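*Asks:* Throw the hints in and build the complete structure from the sequences for me.
Protein chains in written order, with my numbering: chain A, 1 to 502; chain B, 1 to 154.
It is worth saying that the hints were derived from the structure and are not from the lab. Every value quoted in this text rests on a predicted model; they were computed, and no experiment measured them.
Below, computed lysine to aspartate or glutamate pairings styled on EDC-like, alpha-carbon distance capped at 16 Å:
hint	chain 1	residue 1	chain 2	residue 2
1	B	K73	A	D431
2	A	K354	A	E2
3	B	K36	A	D461
4	A	K54	B	E141
5	A	K428	B	E75
6	A	K54	A	D18
7	A	K429	B	E75
8	B	K70	A	D431
9	A	K354	A	D18
10	A	K428	A	E225
11	A	K354	A	D57
12	A	K429	A	E225
13	B	K36	A	E449
14	B	K73	A	E225
15	A	K445	A	D203
16	A	K288	A	D246
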Amino acid sequence: MELLNNLALGFATAGTVDNLFYCFVGVALGTLIGVLPGIGPLATIAMLLPATYKMTDPTTALIMLAGIYYGAQYGGSTTAILVNLPGESSSVVTTLDGYQMARQGRAGPALAIAAIGSFFAGTVATFLLAAFAPPLAEVAFKFGPAEYFALMVLGLIAAVVLANGSVLKALAMVVLGLLLGMIGTDVNSGVARFSFDVPELSDGIEFVAVAMGMFGFAEIILNLEQKESREVFTSKVTNLMPQWADFKRAFPAILRGTGIGSILGILPGGGAVLASFSSYAIEKKISKHPEEFGHGAIEGVAGPESANNAGAQTSFIPMLTLGIPTTPVMALMVAAMMIHNIQPGPQVMTSNPKLFWGLIVSMWIGNLMLVILNLPLVGMWVKLLSVPYRVMYPAILLFCCIGAYSINNNVFDVFMTIPFAILGYVFKKLDCEPAPMLLGFVLGKLMEEYLRRAMTISRGDWSVFVTRPLSASLLAVAAILLVIVFLPSIKSKRAEAFAGDD
Amino acid sequence: MRIRNQRDFWAGVLFIVTGLIFMVLSRQYNVGTSAKMGPGFFPMALGGLMALLGLMVLIPSLLSKAEVLKVTKIETRMILLVLAAVAVYAFALPKLGFIVALFALIGISSMASHEFDLKTTVISSVVLLAFSWLVFVKGLELQFPFLPTFLTNN
Numbered sequence: 001m002e003l004l005n006n007l008a009l010g011f012a013t014a015g016t017v018d019n020l021f022y023c024f025v026g027v028a029l030g031t032l033i034g035v036l037p038g039i040g041p042l043a044t045i046a047m048l049l050p051a052t053y054k055m056t057d058p059t060t061a062l063i064m065l066a067g068i069y070y071g072a073q074y075g076g077s078t079t080a081i082l083v084n085l086p087g088e089s090s091s092v093v094t095t096l097d098g099y100q101m102a103r104q105g106r107a108g109p110a111l112a113i114a115a116i117g118s119f120f121a122g123t124v125a126t127f128l129l130a131a132f133a134p135p136l137a138e139v140a141f142k143f144g145p146a147e148y149f150a151l152m153v154l155g156l157i158a159a160v161v162l163a164n165g166s167v168l169k170a171l172a173m174v175v176l177g178l179l180l181g182m183i184g185t186d187v188n189s190g191v192a193r194f195s196f197d198v199p200e201l202s203d204g205i206e207f208v209a210v211a212m213g214m215f216g217f218a219e220i221i222l223n224l225e226q227k228e229s230r231e232v233f234t235s236k237v238t239n240l241m242p243q244w245a246d247f248k249r250a251f252p253a254i255l256r257g258t259g260i261g262s263i264l265g266i267l268p269g270g271g272a273v274l275a276s277f278s279s280y281a282i283e284k285k286i287s288k289h290p291e292e293f294g295h296g297a298i299e300g301v302a303g304p305e306s307a308n309n310a311g312a313q314t315s316f317i318p319m320l321t322l323g324i325p326t327t328p329v330m331a332l333m334v335a336a337m338m339i340h341n342i343q344p345g346p347q348v349m350t351s352n353p354k355l356f357w358g359l360i361v362s363m364w365i366g367n368l369m370l371v372i373l374n375l376p377l378v379g380m381w382v383k384l385l386s387v388p389y390r391v392m393y394p395a396i397l398l399f400c401c402i403g404a405y406s407i408n409n410n411v412f413d414v415f416m417t418i419p420f421a422i423l424g425y426v427f428k429k430l431d432c433e434p435a436p437m438l439l440g441f442v443l444g445k446l447m448e449e450y451l452r453r454a455m456t457i458s459r460g461d462w463s464v465f466v467t468r469p470l471s472a473s474l475l476a477v478a479a480i481l482l483v484i485v486f487l488p489s490i491k492s493k494r495a496e497a498f499a500g501d502d
Numbered sequence: 001m002r003i004r005n006q007r008d009f010w011a012g013v014l015f016i017v018t019g020l021i022f023m024v025l026s027r028q029y030n031v032g033t034s035a036k037m038g039p040g041f042f043p044m045a046l047g048g049l050m051a052l053l054g055l056m057v058l059i060p061s062l063l064s065k066a067e068v069l070k071v072t073k074i075e076t077r078m079i080l081l082v083l084a085a086v087a088v089y090a091f092a093l094p095k096l097g098f099i100v101a102l103f104a105l106i107g108i109s110s111m112a113s114h115e116f117d118l119k120t121t122v123i124s125s126v127v128l129l130a131f132s133w134l135v136f137v138k139g140l141e142l143q144f145p146f147l148p149t150f151l152t153n154n
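*Replies:* Structural data, given as structure tokens:
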């Protein structure tokens with residue numbers, strides 16, 4: 001029973017006082033930023049990344065950062081249900097039926113079902129992670145440079161296909177990200193590329209500065225353009241317990257949401273947001289009472305909330321087994337590992353089994369903490385919503401600035417956030433999604449490196465990518481995805497699936 | 001000619017220009033051969049791909065069947081205030097220290113809001129200062145100049 005031994009090791013690692021404490025800090029922070037609209041897990045993790053330099057054990061750092069990500073999925077539903085505002089982008093669809101339930105005086109059951117669904121999904125996803133990560137890592141050991149290059153192409157294409165909006169623009173954003181990733185010293189020749197003799201640029205642009213600028217600051221400016229109006233149902237959260245009838249309707253939705261979320265989470269670019277949208281669409285489609293959706297159908301809360309939590313957790317699978325981040329949040333996790341000199345990839349499981357299994361088990365423990373944090377203590381989080389945005393955003397700016405400075409103890413990285421904030425703002429105005437760019441940025445240098453190695457081995461023969469079966473099949477899937485997405489019938493369906501995501 | 005889809009048009013322009021800039025800049029680096037790629041190879045290829053994609057975004061935006069989409073108003077004042085706050089913070093931090101930088105950041109950025117009021121801004125600055133000192137200086141032991149250098153003599 002290797003799995004049991006591994007899980008035991010995980011429990012021993014995650015169960016230390018330090019790790020339990022930071023797991024709690026992570027999920028509590030995650031809930032906090034999940035509840036607060038206008039700040040997401042990406043900016044928060046970027047902000048806290050420098051703080052993890054101080055931690056002696058990288059496991060502790062990853063446990064905390066992971067907690068922020070899945071914790072935010074819990075917190076986001078609270079705001080969606082009580083205020084009709086998505087606390088997180090993955091809770092957008094929860095506003096549709098969750099808020100209607102609150103208006104009918106059923107905020108309690110809505111919150112409870114969201115938390116129970118999330119917990120169930122989190123538990124299943126943890127087991128999936130534990131069961132499927134080891135065999136996947138085995139496959140990854142067979143990968144050569146050509147396969148890694150092909151895998152990254154597939155990852156980026158999938159991220160584009162699954163992103164919201166125009167495919168062409170998303171592709172261009174990926175390429176822009178790859179190009180920005182080129183800035184800095186070329187490892188093979190030692191040439192400082194595109195650095196304009198700025199010494200700080202010869203190390204490349206800091207990922208954290210890019211993420212903060214494009215997601216943190218640009219988002220703040222966009223939020224400021226809209227005047228706020230909030231109607232909070234605080235006093236009405238009295239009876240938390242759902243009725244038996246609620247359970248009976250919600251449980252199948254939770255099961256389906258968990259399944260959809262787990263699968264979509266593994267796919268590149270998928271993650272929590274796509275999972276919740278797809279789950280809602282499916283629930284509405286197969287429901288016997290589709291007319292109830294939008295008027296307080298409990299399935300519309302149960303499905304998406306389970307799906308986003310499952311997706312958040314299974315998106316760790318490609319990062320932990322292949323070493324390839326498939327969402328911007330995972331890119332930050334990779335950065336956190338690199339800070340501690342751990343090269344992410346299939347070898348992590350064997351070289352750092354404590355980190356690997358400790359992280360997985362911590363997710364289950366974290367989910368348990370989250371149920372307690374979010375159900376009995378829901379009133380406390382709701383009070384936070386009375387903090388107006390005009391007080392909140394300067395604080396977010398400040399924490400981001402402190403975080404950016406602490407990467408290298410240099411104000412250069414603070415200055416670097418400014419051009420990326422402008423870029424992020426302009427791209428948002430032009431309907432270009434910044435997430436694919438960020439993925440390209442992270443993978444840029446790696447992709448170039450694998451391409452070079454593959455071509456050196458093949459002595460300049462490009463056919464190596466199609467003659468090796470693994471590489472060929474990965475590229476074939478990427479090509480099929482691209483063809484499918486440009487088919488007219490799929491194009492309109494895709495637009496439909498993303499409708500309402502604005 | 002009327003540009004029907006302005007968002008696609010300007011996105012296309014932006015992609016083409018950036019792609020071309022990267023291609024031109026890549027010319028100063030050795031491109032090499034496919035068996036032995038130089039530092040210029042990958043960026044050159046990507047720059048070309050990007051310009052091509054930009055063209056594919058731009059052209060349909062001019063066609064008569066393109067959806068009419070305007071670029072919504074750009075709030076220059078808000079962008080300037082928020083980003084100026086960040087810049088002033090970065091300028092002030094090394095010499096004038098964190099306390100001064102914090103008040104400047106919160107003060108300037110707060111003015112970007114529709115509902116700025118001085119009292120709230122001062123109170124939240126003080127609260128944030130106390131919080132930052134506790135969490136970042138004492139708790140996480142991050143290193144940054146707290147007081148102005150002329151007060152600490154180093």
